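K.L.:
In UniProt numbering, the protein residues as written are 1 to 320.
No lab work stands behind these hints, which were simulated from the structure alone.
A portion of the hints provided could be inaccurate.
[Stated by the list, open to error] With a straight-line cut-off of 20 Å between C-alpha atoms, the simulated SDA-like cross-links for lysine to any residue are:
#: 1; residue 1: K277; residue 2: L254
#: 2; residue 1: K292; residue 2: N303
#: 3; residue 1: K165; residue 2: A45
#: 4; residue 1: K292; residue 2: D280
#: 5; residue 1: K154; residue 2: K165
#: 6; residue 1: K219; residue 2: N303
#: 7; residue 1: K277; residue 2: S246
#: 8; residue 1: K199; residue 2: V276
#: 9; residue 1: K46; residue 2: L86
#: 10; residue 1: K199; residue 2: H247
[To be verified] Quick list of the computed label-pair ranges, beta carbon to beta carbon:
#: 11; residue 1: V143; residue 2: D226; range: 49 to 57 Å
#: 12; residue 1: K98; residue 2: D48; range: 25 to 33 Å
#: 13; residue 1: A183; residue 2: K53; range: 17 to 25 Å
#: 14; residue 1: E278; residue 2: E187; range: 19 to 27 Å
#: 15; residue 1: I191; residue 2: N30; range: 49 to 57 Å
#: 16; residue 1: K154; residue 2: N30; range: 47 to 55 Å
#: 17; residue 1: Q84; residue 2: E278; range: 39 to 47 Å
#: 18; residue 1: G172; residue 2: C27; range: 37 to 45 Å
Just so you know, these numbers come straight off a predicted model, no measurement behind them.
C-beta atoms are modelled at their ideal positions from N, C-alpha and C, and glycine is treated no differently.
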Amino acid sequence: MPTSETKEAEIAYKALMGVVDEYMAGCYKNWVGSMGALDSSTLQAKLDKPLMKRTNHTDTTEREFLAVSTFNVKGVFLQCNFDQDLLALFTEVQYWEKFHGEFSIPYHAHDLYNQKAKFNAMREHVMRIVDAYNKILCDLSAVERRLFSDHIRKLDKRINQGLQKLTWVSKGIIEHYVNDCCAHCAEIYAIVRRFKEGKQRISHQCRLASSMLLLQIDKNVTYAHDIFEATQAARRTEMKRRLQQSHEITQLELRAIFTNFCDGTSEVLREWREFVKEIDSQVEAALRQAVKRSLQALSRAINGDAMSEPQTHDKLDPSC
1 MPTSETKEAE
11 IAYKALMGVV
21 DEYMAGCYKN
31 WVGSMGALDS
41 STLQAKLDKP
51 LMKRTNHTDT
61 TEREFLAVST
71 FNVKGVFLQC
81 NFDQDLLALF
91 TEVQYWEKFH
101 GEFSIPYHAH
111 DLYNQKAKFN
121 AMREHVMRIV
131 DAYNKILCDL
141 SAVERRLFSD
151 HIRKLDKRIN
161 QGLQKLTWVS
171 KGIIEHYVND
181 CCAHCAEIYA
191 IVRRFKEGKQ
201 RISHQCRLAS
211 SMLLLQIDKN
221 VTYAHDIFEA
231 TQAARRTEMK
241 RRLQQSHEIT
251 QLELRAIFTN
261 FCDGTSEVLR
271 EWREFVKEID
281 SQVEAALRQA
291 VKRSLQALSR
301 AINGDAMSEP
311 QTHDKLDPSC
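Please model the complete structure; the sequences and the hints are all you need to start from.
P.N.:
See below:
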């Protein structure tokens, strides 16, 4: 026999279910009301949009690279241009269907939802281009983008079809278009990576040069004058050899990088000259640092410092 507690629980349950049912009915009514403006022709118009659009930042709502643009030009990145209202519609229909017919789905919404898998596949294809293109831009600084402007311009010509002509209802050529764009993005990205790796190798040579000591001073060793001179001459010869080797490596890297820009426009060649000037400045700074460190080492050897006393390294022959 039901107890008083059971009856109270049943009453509370029915009251709760009434509130839930009322809330669900209100949500459904609001959703159907919002669907009033989305008739078949409106939904079709939302699909008749270009596959992509330009934006001045990467879109955190899509599977894109989260990087802040250092290139102050509006609309430099790509963004998937699938209508957000349609994405919301797919989600709504998916959840209303879980009630197994308790809430009817408008026909045009249900018809579009049945194509969800197709549109999701198309969005994935488009996002391959978006990811690949934005990855190139995110890897380049504003100055480097100017150097790569010819490469980016050629890539834009291939991609523009998806920004202007191809829509979500275009048939037959989207997959071919995506594969073609991704292949060219991969080609440009490979050039970008070689450029970056070349710069790193040049910077490494500059660091090696800046760390060189151009003279040899052995602690607690006193040389005869002629031996001291011979020791320093041998050191200079070795340092000259190393610097020449570093110079040759730097030249080889620059020549290898230049092959990707030698046929560029006058603007690109101007940017290349600026790039070479920057490398020259790095090399000069490295050599200055090497001389400075060497002179500081010589000063410490002759005059001492807070940690050591002055030392004699060159013993003159009194007979001379």
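K.L.:
Next, verify each hint and record whether it holds.
P.N.:
Hints, one by one, checked against the model:
no. : hint                    : in the structure
1   : K277 / L254             : holds (12 Å)
2   : K292 / N303             : holds (16 Å)
3   : K165 / A45              : holds (14 Å)
4   : K292 / D280             : holds (18 Å)
5   : K154 / K165             : holds (18 Å)
6   : K219 / N303             : holds (13 Å)
7   : K277 / S246             : holds (17 Å)
8   : K199 / V276             : holds (11 Å)
9   : K46 / L86               : holds (8 Å)
10  : K199 / H247             : holds (14 Å)
11  : V143 / D226: 49 to 57 Å : holds (53 Å)
12  : K98 / D48: 25 to 33 Å   : holds (30 Å)
13  : A183 / K53: 17 to 25 Å  : holds (22 Å)
14  : E278 / E187: 19 to 27 Å : holds (26 Å)
15  : I191 / N30: 49 to 57 Å  : holds (53 Å)
16  : K154 / N30: 47 to 55 Å  : holds (49 Å)
17  : Q84 / E278: 39 to 47 Å  : holds (43 Å)
18  : G172 / C27: 37 to 45 Å  : holds (40 Å)
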